[in-house]
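Participant: Residue numbers (numbering that gives the first Met the number 0), protein chains in the order written: chain A, 0 to 279; chain B, 0 to 288; chain C, 0 to 124.
A few of these clues could be false.
[To be verified] Here are the computed lysine-lysine pairs in the BS3-like style, where the Cα-Cα straight-line distance is at most 25 Å:
no., chain 1, residue 1, chain 2, residue 2
1, B, K129, A, K144
2, A, K72, B, K60
3, B, K236, A, K243
4, A, K182, B, K258
5, A, K226, A, K182
6, B, K236, A, K196
7, B, K91, A, K148
8, A, K196, B, K91
9, A, K189, B, K258
10, B, K129, A, K182
The hints are simulated quantities; they were obtained by calculation from the structure and are not laboratory data.
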Amino acid sequence: MKIVVLSGKGGTGKTTVATNLSCVLKMDYVDCDVEEPNGHIFLKPQIQKVDDVKILNPMFDKDKCVSCGACVKACQFNALAKVLDGLTLFEELCHGCGTCSLVCKNGAISEVGRKIGTISIGHGFKSGKLNVGEPMGGPIISQLKILSKDDHVIYDSSPGTSCSVVKTLDGADYAVLVTEPTKFGLHDLKLAADLVKDMNIPFGIVVNRSIQETRMIDIFCEENQFKLLGKIPFSKEAAVLYSKGKLLIENEEYLQSFELLGQTIMNQIKGRDACGTRCN
Amino acid sequence: MLVELVVISGKGGTGKTTLTSSLAYLSHESFVKVDCDVDASNLHLMFGGQLVESKDFIGAKVATIDQNKCNACGACFEVCRYGAIDKGHIFKVNTLRCEGCGACRQVCLNLAISLIDETTGQTYISQSNKGFLSSADLLPGAEGSGKLVSDVRKKAKGIKSSKNYIIDGSPGTGCSVMASITGCDYSIIVTEPTYSGFEDFIRIKQLTEHFGIKTFVVINKFDINQDMTDKIEDYCKSNQLEVIGKIPFDSHVNEAINKGLPIVSFKLAPAGDAIISIWEKLNRKGVLI
Amino acid sequence: MTITLVYKEGRSLKIVISSINMDLSSQIDPRFGRCNCFTLHDTEKDTYEFLDNTSIHQAHGAGIAAAQYVSELNAEVVLTGRLGPKALRVLNDSGIVGYKAEQGSLEEAVLAFKMNKLSKIDSPT
Chain A
0 MKIVVLSGKG GTGKTTVATN LSCVLKMDYV DCDVEEPNGH IFLKPQIQKV
50 DDVKILNPMF DKDKCVSCGA CVKACQFNAL AKVLDGLTLF EELCHGCGTC
100 SLVCKNGAIS EVGRKIGTIS IGHGFKSGKL NVGEPMGGPI ISQLKILSKD
150 DHVIYDSSPG TSCSVVKTLD GADYAVLVTE PTKFGLHDLK LAADLVKDMN
200 IPFGIVVNRS IQETRMIDIF CEENQFKLLG KIPFSKEAAV LYSKGKLLIE
250 NEEYLQSFEL LGQTIMNQIK GRDACGTRCN
Chain B
0 MLVELVVISG KGGTGKTTLT SSLAYLSHES FVKVDCDVDA SNLHLMFGGQ
50 LVESKDFIGA KVATIDQNKC NACGACFEVC RYGAIDKGHI FKVNTLRCEG
100 CGACRQVCLN LAISLIDETT GQTYISQSNK GFLSSADLLP GAEGSGKLVS
150 DVRKKAKGIK SSKNYIIDGS PGTGCSVMAS ITGCDYSIIV TEPTYSGFED
200 FIRIKQLTEH FGIKTFVVIN KFDINQDMTD KIEDYCKSNQ LEVIGKIPFD
250 SHVNEAINKG LPIVSFKLAP AGDAIISIWE KLNRKGVLI
Chain C
0 MTITLVYKEG RSLKIVISSI NMDLSSQIDP RFGRCNCFTL HDTEKDTYEF
50 LDNTSIHQAH GAGIAAAQYV SELNAEVVLT GRLGPKALRV LNDSGIVGYK
100 AEQGSLEEAV LAFKMNKLSK IDSPT
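Build the full structure now, drawing on both the sequences and the hints.
Facilitator: Okay, structure coming up:
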């Protein structure tokens, strides 16, 4: 089973929800926010292995290259340029697609792996990290998905609705959209909801840092017939626990909130509502 | 000489847009506001005004298979590294996975595959009594966020009356952020005193060093964890980074956002006062004139 | 690779200028990769040719694409306001030198270059 936790807006509590849920549901946690991974801070896993993630970049054999420029023309990303003494590769633009080596009729292009980041693996835990200065985290997310394909996993995605989030969502059984009860939160929640609907992934919404009086997300869910899975109440205790890098479930009240949330999500996935009666 | 100031955060939700919107509010109307947070653009909620221009944005190419020419040989499937060819009775391109590299087109002997432009967003120029705003929306899930950010900045530069630019950057450290900060004169990193915030702060600071930009630091909600705030300040001191301001936790901030107002427009809001001090400091240093 | 180029009267040279409009009255476009268009000046024939800049539409690497285009025109000199690191690298590696000209008309820029008044673009801006 694959559950993805995402949010339109950054900082709404994606990682808070993903890490605490993974504990109460006893599922593996995979951190796909490869530009700013944070899950390890709260789960404090013992890392058993760190793998390099490489992207394939072209390498040119000067003896075989006839300077025809076919590879330069074929590259859709302008990663290649023909210059006086051969070819220049702009690594940061290279997508590792292999098109250049496909078009070379002289066999002058081979491919070499270049490290763009790492994946850390612990018990029930995986986290990807993109090297600072590298623009594309996609290959790391793809590798994380491959490594966890046989497991029951909660994926923590990056904020927003960009291609990184799409890669994380690809193939998910269920999506948990985390939001906060503010105007920005609601605006960005709509974007996230559009995305998961486009991808035909069943989903529900969690309101984090919920305040009793603020019902804007409730109303939004009612109007659109979206499932409101639960609310994690705002409190100073929670803020302090979070700032110290601790799981919210260390607090008894929050443990109960997350256990209920976990049950609700499982019921949704299995097609029953919270009371246990079957629903469509 | 026009100055470009970008506000970034590494971690999302630290208060980047809260700060940017207030700085934009305090600035003269000749300062162009630039919303580079294209995945979740929010500045228009405060500075939208009248729409002056709206343009389609072509962010990517995608492959498409002409079924009349396809003989289902499967060569495209073999060569695609992104799993973007759905094979079966009919071969189709999965447009969400397709990166537009054209490898499939190269190997198709029937010339059944072409690359077509994909509209993946919209750019906007709008005008309010606070001046111009250049912003954009990226279609959910679409590619090309880096290029869209570049477009938003380029459009801002095309505004004739512009004096300086205040840019709301994207969260993270990837291509969107890099496109937000490249060529800027100054950056402000907004961070928060939490373990996650601190780790993310270190990474985004490395990125600004990589780009060689003069960088200031603002600690938001500094009073929720004084120990962490001290740690951040010590780190900044040892790394020759100036902490230009500390904003206290203030429940008025949410109230302001929900009313579509920048916090500095509220009287007696501690966060607003702190931002005004930051603004005054920036002016004294000649960052924004 | 360091290249120094001193213009000598009568020397046959192809110069590319990043331009705003496609006519002789045009001002310089200070951008290179995404400038509106290019003007190709042949010093021997004293002609000006106006060319589209298709690199504007490139997702990434507009500077690279533009530099490649200039190289294909067999130009030896580029007059422009600023060059990014990638464009500068491609130009240098192709034996093309960039000179800084941010404003003014096309003819003013060419004249300034011929009088050796323009400074070389050595590092990216």
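Participant: Looking back at the hints listed earlier, which ones does the structure fail to meet?
Facilitator: 1, 6
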